[in-house]
Amino acid sequence: MNYDDFINRTVRDIPPSGIRKFFDLVSTMDGAISLGVGEPDFVTPWLYRDSAIKSVISGRTGYTANRGDPALLREIAIYNRDRFGINYAENETIVTVGASEGIDLALRTLVSAGDEVLVPDPSYVSYMPNVAIVGGAVRPIPLKRENGFKLTAEDVERAAIEKSKIIIMPYPNNPTGAALEKQELEKICAVIKRKNLFVIADEIYAELTYGRRHIAVASIDGMKERTVTLNGFSKAFAMTGWRIGWLCAPKPVADAALKVHQYTIMCAPTASQEAAYAALKDGRETEYEQVESMRAEYDRRRRFTVGMLCDMGLECVTPCGAFYAFPNVEKFAADGEEFAEKLLKSQKVAVVPGSAFGACGKKHVRCTYASSIKALDTAFERMRTFVKELKRS
Amino acid sequence: MNNIETEILALLKHDCRLTADKIAKAVGSDENTVKKTITNLEKRGVILGYSALTDEHALGGDTVEALIEVRVNPMYGRGFDAIAEDIYKFEQVKSLYLMSGGYDLAVFIEGKNLREVAAFVSEKLSVMDKVLSTATHFILKKYKIGGVTAATSEEKRQPVTP
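Read top to bottom, the protein sequences are chains A and B.
Heads up, the first sequence is in the numbering used here, so the first residue is 1 and it goes up one at a time.
Heads up, the second sequence is in the numbering used here, so the first residue is 394 and it goes up one at a time.
Just so you know, the hints here were simulated from the structure itself, not pulled from any lab data.
Note that CB positions come from ideal geometry on N, CA and C, so glycine has one too.
Sample of chain A residues facing chain B (criterion: CB under 8 Å; computed from the structure):
1) 24
2) 27
3) 37
Covered by chain B, according to a simulated footprint, are these stretches of chain A (three or more residues, beta-carbon under 8 Å):
4) 291-303
5) 371-380
With these hints in hand, go ahead and build the complete structure from the sequences.
Have a look at this one:
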């Protein structure tokens, strides 16, 4: 049977993820250390887990409203307002199955076949395939290392053409750790408004910024009306496995998105919504103590990671957000792919080749610092040995 | 206790072999400042020493550890300190804490074998003037020591794409 005749052509043609083959290798390797997975090493705080357990025990096992549990929607509205100064009403919000569903949902809601979507390069690996699946066309916006991989107003000016309809704003950024200052964002937004683009702001790392507060795209004057804001619980609340996040958008867009969401997902898992509600309520009542303590720990690891990488001669823009460092490896290998492959084989340390995130990341690798200092220390000492060997040969 | 002291202590408590240079990286300071701060913490008696967290059962040895709950008569004017001093002088005593609740002193002792621990309790501890009673609990198995679980912790995160 020729399955290719049956599989959707777009899906068939999506190349397999560049990350996948590495981690298949890592999982078979004894004693390998992975700096590859973009997942917190913290367990979900007990209070949130307990809330979900209690709700299950009490028999709360049915659907919630399509949009999400009203109590959770209320907490999300308060959270958005208090933490990021953005005011979305409860009927402008949809609880999603992680920000991942949010990306898909936003694209399905906004993109018609042939519409062009601007995607900064390098960025999170899902945008391009997701745009392809909904029949859109990606136009990458090449980012420069000398700008710290930050999107600039000039970049948008240069990239946006007549057909361009949507721009994805993924800050703080995976894989570069770049975050935007308010002034930088304002300049970009001026161009976005002039070019009449709609924004999908993927702000899943909004809580994980260092030495500054995250500036939400929708908080900039005149931007809320043209922005879909995505966020979630996975990173800041250490809740990856619960698959829970949210999408906020102006009412007409949120209403359209709700149609897609109700026909594909029905509603996000009820127990996960309970845990999410507990997370936000607890955060509000304790000044986000849990989030802040995890953030402080990531900050320690971030400084340690950058220090170790610099020590071994890997140039690295200091990340200001998320939990990734994105060092340049061209002094030591032809590209990130070669570096990562050799590093894994010789020292059993897994990092992700930058090319997985777009052509502009080719000469880089992504190192996740969501591991204990002790684990990071072991990994970086091995990497140091590896780099020394490369220097010698 | 200032912020950098707290940060350094947290790192050392987790791994006391971390070098000053690496601690400096993590706390965003320089090596010299870290070294000075650590020396200062040692002088002030905040850092009392450095030792390995061990689970000697894993070695297959016969050493015996016990927690002895001790009830005592505090001394006029000196409270529990004098009797505590008499007890911690013995080298078998590894840790000694004054407790709230049903007894006064928690004495952690280590002996080569059961007989040694028994001898310590019956010949040294119980016979002290101020000691009213003792209850000896042998430690059978250690699951978590100083914040570290005894079972080797494996990476629980599964490979996931993207």
